[in-house]
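Peer 1: For the record, in the sequence shown the residue sitting at position 607 is 607 according to UniProt numbering, with numbers rising by one throughout.
Don't take every hint at face value.
[Said to hold, decoys possible] Derived SDA-like pairs: lysine to any residue, alpha-carbon spacing no greater than 20 Å straight-line:
#1 Lys-637 x Lys-213
#2 Lys-213 x Ser-134
#3 Lys-493 x Glu-154
#4 Lys-379 x Gly-338
#5 Lys-96 x Asn-603
#6 Lys-493 x Gly-338
Derived from the structure by calculation, the hints contain no laboratory data.
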Amino acid sequence: MNKKLLSFILGFTILLGACKKDNTVENNEGKNITDIVVPADFQWQTSRDVNFSIGISDSRFQNLLHVIAIYLTDPSKGGTPVAKGSASLITPFNAKLSVPSTIKEVYVIKTAPDGSSVTEKLSLISNKVSTSISSVSSAINRKVGVVNVTADAEPECINSTTNTNIDVPSSSSVVCFTASSDVTVNVTANSGGTLKLSAPGKTITVGTFNHSKLKVYVSTGTTVKINSDLNLSSSEEFTNNGTINGSGFINGGRFVNNGAATFTGNFNLNGNSTTINNGTFTAPSSNLNSDLTNNGTFTFSALTINGQGLLNNYCKLNVTGNLVVNKILNNYKLVVVGNETEVNGNGEINLYDGAMFQTNNLTKLNGTVNGQGATSLFKVVTNVGDDVLNNNGYFKGALQYCGTKDIEVNQNNKKHFSDGATKGCGVYIAKDGCNTIGNGTAPAPVKPDTDNDGVIDEQDAYPSDPTKAFNNYSLNYNGGGSTVAFEDSWPLKGDYDLNDVVLSYRYLVVTNAANNVVRLQAEWNLLATGGNFRNGAGIQFNLLANSAKNFNASNGLSPEAGQDSLVVILFTDSRAEQANWNTKPGVTVSPSKTYTFSFDLENGPSLQTFGISSYNPFVWNNTTGFGRSYEAHLYGKNPTKLAKNSNLFGTGDDNSINGKFYGTDKKLPWAIELPIAPFQYPAEQNSIADTYLKFSDWAMSGGTTDQDWYSNTASGYRNNAKIFSAN
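Please construct the entire structure, taking both the sequences and the accompanying hints into account.
Peer 2: Given below as structure tokens:
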């Protein structure tokens, strides 16, 4: 376009821009929007794209497919999934979803091939969310304070000593003792430091052991025998990767057992200490006053969990004598008590996702036994004491009580069962490396899958069609969809009433068992056309132009020719679509107009690549003398091929530079998208800032405050007199 012609068109644009609103000059009431100063990185988004990567670590079904469903609202309170897909031990479910800025957490449900499910609640602290879900919910884990444990790495030994009188001289010292035969050593380490004991296949007997602030490592294959009590202070750590045999043990620091540990004398775990067992641990009678995490096999002759105690059992816990629970025991696998179990007033036994607690006798139940996740089992083998019938404790949640004495639901006016807990002995709990007992008869290993696509029928939206599996939905799909509101005066600023073209939309994106997009169904609605310009509207998809197969549409819609990507035009003349503007109070309202289309994709993109959003909607001024060069898009979106070579970029008020399109020099947009529909847009000649009173605050904060400015109806959020309403 030459300069003379460009000047003519710009002049014509200015002339029409001044009179397009019913041939009157724009009201200046909303001009203060042009004074808004926004942060440099602000994108004018009320929603953001979040990339999810949801893996699984549930190995019960080898590499069969699990189903992942993502919810923006609590599924237990009626929330429906916005995205579903498959995941295996090898391949996570990856998806890119548009999420409203007001949403700070999402819910994820993993459904296994047997139909069992686990729910996670994930905080959205970034736009990339990655997690792995097992057969136990880590959301529950966080609630009860579970510690994820990894074995401590042994220090490297640059210099080693064979001197049996071991001295660790300073806090920075690393002393490595080695031996090729059985040996007795004496240790002095009163200034801290690190000591590594290494004698593979041999035994190191520790005689004198004077220490303070010391870190000790026992190497793999090494046996250490401690003649005196092992007493760790609060600043000390002991990591055993071999075998340790000792008399008494008093832990005030941190003890990690990755091998085998046996103590026969006094055994106390004091407050603020940490004890972690990843191997085999045998201990005498103990009072637990701190945190104990068992990831292996831990055997006590008797155990009392006191007021500061917390025991997390992830594998096998044996108590050969009596167990007294005065605080919290979290069991994720198997607890076996050889004699009596007492659960006192503040005592709490939590069983997670198919865990099993078996005791020979149950003598008291004044606390609670809770089940969460898949049904767990609390089993009494021999005797249920009479006191239990009169105690105030009860069974709660997803668990089954199996006992030799029947406990009625309201026996002796005591509520012994609540929130789904039942009586019975039939729940199936599989044997594994931790639970060597198990219970019940194994059910069918997986649920039916009629079309053999790997997704069980009850989770498959298309159980008889192997080419389709999951439905994925754009925001607020069941509530009316989302809204895109345009100013139509590009490249000039308008009056920012954002009602020149108002459209709502919703998408259904269908994916197959491999999480690839196979079909899209779209519905767009034209709600308002507040101006004299004859505007067109369309959507550009991140797909090749010829990729749509079996295209079906209303109103004669079809993919646009001459494009390098898939573009669907909804209409080319807004004034022909609606006789009236639907922005002027007191004027007859034209009906909204609906446009639907659908198409299939062969070898379609993944849901992560395609995403679920508005994609790239746009309008253009199709009035005589204008044309496709006058496209207007959401802030930062690219023009279509038919407009990208326009000489209008950088003219008028447009400041499209360095590939960042459709913003002014103050970063004002020509369109905005909202995750609600219908949006109560401003009436004619009322700016969005004058109508929605928190809009300016939201924009100037870069979208970090007042994120619900468009939906909050509380006092001070909107001027209802300036919102268009049909009369």
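Peer 1: Compare the structure with each hint and give your call.
Peer 2: Hint-by-hint comparison with the structure:
1. Lys-637 x Lys-213: Since the Cα atoms of Lys-637 and Lys-213 sit roughly 60 Å apart, the hinted pair is violated (cutoff 20 Å).
2. Lys-213 x Ser-134: violated, 38 Å
3. Lys-493 x Glu-154: violated, 66 Å
4. Lys-379 x Gly-338: holds, 12 Å
5. Lys-96 x Asn-603: Status holds; Cα separation ~18 Å.
6. Lys-493 x Gly-338: Answer violated: Lys-493 to Gly-338 is near 80 Å, above 20 Å.
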